[in-house]
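J.: The lines below spell out each chain.
There are 2 protein chains.
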Amino acid sequence: MSQTCRGEHLAVGTEILLGQIANSHARTVSLEFANNGFFIYHHSAVGDNLGRIVEAFRVAAARSNVVVVTGGLGPTADDLTKEALAQFLGRTLWLSEEALRQIEAYFQARKRKMPDENRKQALCIEGGELMDNPNGTAPGVYVEADGVHYFLLPGPPLEMVPMLRNHVLPRLRRLFPHEQVLVSRVLHLCGIGESDVDEQIPQWLAQANPTVAPLAGEGEMLLRITARAEDEDRARALIAPVEADLRRRFSPYIYGVDDETLASAVGRCLTAAGQTLAVAESCTGGGLSSMITGVPGSSAYFLGGVVAYDNRVKSSVLGVPESTLTVHGAVSEETARAMAEGVRNALGSDWGLATTGIAGPGGGTPEKPVGLVYVAVAGAKETRVFRLQLRGSREQIRLRAAKQVLWRLWQALAGTAQPHGGN
Amino acid sequence: MSQTCRGEHLAVGTEILLGQIANSHARTVSLEFANNGFFIYHHSAVGDNLGRIVEAFRVAAARSNVVVVTGGLGPTADDLTKEALAQFLGRTLWLSEEALRQIEAYFQARKRKMPDENRKQALCIEGGELMDNPNGTAPGVYVEADGVHYFLLPGPPLEMVPMLRNHVLPRLRRLFPHEQVLVSRVLHLCGIGESDVDEQIPQWLAQANPTVAPLAGEGEMLLRITARAEDEDRARALIAPVEADLRRRFSPYIYGVDDETLASAVGRCLTAAGQTLAVAESCTGGGLSSMITGVPGSSAYFLGGVVAYDNRVKSSVLGVPESTLTVHGAVSEETARAMAEGVRNALGSDWGLATTGIAGPGGGTPEKPVGLVYVAVAGAKETRVFRLQLRGSREQIRLRAAKQVLWRLWQALAGTAQPHGGN
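Chains as they are written, first to last, in our numbering: chain A, 998 to 1420; chain Z, 998 to 1420.
These aren't lab readings, by the way, just hints derived from the structure by calculation. There could be a bad hint or two in this list.
Identical chains share a label here; the pair holds if one copy fits it or two copies do between them.
[What the hints assert, rightly or not] Keeping only pairs whose Cα atoms sit at most 20 angstroms apart, straight-line, the calculated EDC-like set for lysine to aspartate or glutamate is: (1) K1365 to E1215; (2) K1365 to D1228; (3) K1365 to E1392; (4) K1108 to E1196; (5) K1117 to D1129; (6) K1117 to D1195; (7) K1378 to D1347; (8) K1108 to E1392; (9) K1365 to E1331.
Keep in mind it's a predicted model, so treat the numbers as computed, not measured.
Chain A with its partners taken away, still in its complex shape:
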């Protein structure tokens, strides 16, 4: 009779609670579990303190039946994970001669003598078994007690991840054979607010399987569709009609799926069309180029960019007429248009993008407040300029302006109908 896996990840290490290192294992364990149809219901982290680690085990055992612990298996006095679990379970620790020989061999292979303190790494919990660690000195420990399965893994990622895949997940597949598969599909949207989306799909948001979860990003948002089923095909069959409906409603805004970004989606369209891109940036200050070139292989379609912070650069390099700058100002529809067309001509690209605006905190006026941004998309047929009034910090305004102009280019490339409104 098999029950459901209720997974929990516990990270042990004071350096995590001091913020000196990120607890990246939490995400790794969650991803590996999800990819195998298992679910992690809790993440927790505790410092190198025996009492608090014991308490963390007490909390975990009360709510989870699979507890994956990372860290605290090292040789030093503040490595206490095994000691804490043994104390919580009221069990003893015993020294595995076999593990000790493996640790000594590990040092011999590196022409070093094993320090005495490494002996404690060969300790195993009464009733448990050791998982060998080909990439380090600390073996893992598996032990079951009162229906809870504990997996103790070393902290270094290059040791932890292989043990998770080679020891933990295979055992879970045996322990929970009828576990359903969990499949997720993520839609990326730009140019529409989370609440505008949610208003239109109350029935999906209320549904249990597949679930549809909105996730607000910076200047964009995600819709995550997650289905549970006996196998992957059935799960995808549950997702398909939901995705189809969401695309019917929001197609002008949906630029990509799963791991795609605005920059990679634009790159995909440019590659497919065999076209090239150049950008002229003022308020985004290089952030737009950086977003585009963050995509591996972008050199195939991105010719380059000009960061025209000073007006002389706008005129000398981009050929923006002095008169345009004096009559309409650097932050204007006319300047944005001239910048986009100017960089397209100067660099000889198929498409030219431009951003000009007031990122703040200073520089705003009643007529041209902080957050006023013009973005332009220049192509062979026409140049479109969009006026945006963005809110937020300097960083937010720069980021959102860059995403807005990429989204407008994506729409032009994808040939999607222009939706009403901007940000």
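Let chain A serve as the given structure and place chain Z on it in line with the hints.
T.: This is chain Z only, laid out in the frame that chain A set:
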């Protein structure tokens, strides 16, 4: 009578437990607490499930007296943090007309009507108070119950971090006044590795007051000197000799203190010298310009930049001779030199910077492997080119290259002796 702060961070969001996003707030909250002399004893994360969030509050309240929660304050049905805390505390939620007006104004500023579901963002917990959020629609909530202080913050980092600094930490300083004042001084180093620093200062690292804590950053590192004393003057008196010794050892690498960044330190030097800057980027792809223009007021000294991804841009806009590109290649000392001098001439700046290299993952060869980067600093007197072999992902190589060239410019501006070696 003041007791000790026992902090806990609780992240709410199913996307974290599915591993779709990293729980970066845990580290941020820990760092901000540590910098203020407070300590986080537990991290935890739970999904968008009312019952489990309520249980997470029960666990937190039993072991912590300060609980910082991030996420779950959005407008949608699966945003449940306030509802869960109200249920756990047995309190009601009330609608703040003031908050509602602010949210409506937020939408009006975007020329949009507030969707009805955003009304719930104006809900506050009985007996609590709202913290305004200038960067988003979700105000934070502070409420105290049975000696436990709860701070509910929105999930988007650009909204959460300012609220943590402007609302949470000031209140904690009032709630938990240290008998002794805690004063920190942070030195920012570039161009030297953490282990090279550590092995030179074992005595400082072992010392209790002031403490010296090394913190590895991306392409740079920090040394945080923290002293406790009866008053601020005495604390600073404890810090002074330690800082003096660290500066004696590492002065060529120490570009700034406390909140300074490489870009702001360079900006400070340029402003003081009344000089201007222009940059030519290949492998950094706009990241260098973006770093420079991220500093408010940078338009006073930054004229602009050219992202020369395509070789034609290197020659046409920057005037790099075709022969240099064909004979030495785009990734070479000669090209880096020509790019830095070219952009300095083209834009008429006092200083010109250049980066060219192989960020990967593709494009490497045995002679020019991924991570090989040349950075150049061109001034009125001379042009210096530095050959770097950087490690890490595409993103890390781009970031480290940008920081290296800024650091080299800072050295030229600060007139510091050139230390041996690069990264």
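J.: Now tell me, hint by hint, if it's right for this structure.
T.: Now the hints, each set against the structure:
For the identical chains of this complex, K1365 and E1215 are neighbours neither inside a copy (23 angstroms) nor across copies (37 angstroms), given an alpha-carbon limit of 20 angstroms. When the C-alpha separation of K1365 and D1228 is checked against a cutoff of 20 angstroms, the pair qualifies neither within a copy, at 56 angstroms, nor between copies, at 46 angstroms. For the homomeric pair K1365 and E1392, the shortest alpha-carbon distance inside one copy (18 angstroms) is at most 20 angstroms, but the shortest distance between copies (35 angstroms) is not. For the identical chains of this complex, K1108 and E1196 are inter-copy neighbours only, at 18 angstroms across copies versus 59 angstroms inside a copy, given an alpha-carbon limit of 20 angstroms.
Only within a single protomer do K1117 and D1129 lie at most 20 angstroms apart by alpha-carbon distance; the minimum there is 15 angstroms, versus 52 angstroms between protomers. Taking the shortest alpha-carbon separations for K1117 and D1195, only the inter-copy value of 14 angstroms comes in at or below 20 angstroms, while the best intra-copy value is 51 angstroms. Within a single copy, K1378 and D1347 get their C-alpha atoms as close as 10 angstroms, which meets the 20 angstroms cut-off; across copies the closest is 40 angstroms, which misses it. With identical chains, the CA atoms of K1108 and E1392 are never at most 20 angstroms apart, being 37 angstroms at best within one copy and 22 angstroms at best between copies.
With identical chains, the CA atoms of K1365 and E1331 are at most 20 angstroms apart within one copy only, with a shortest distance of 14 angstroms there and 44 angstroms across copies.
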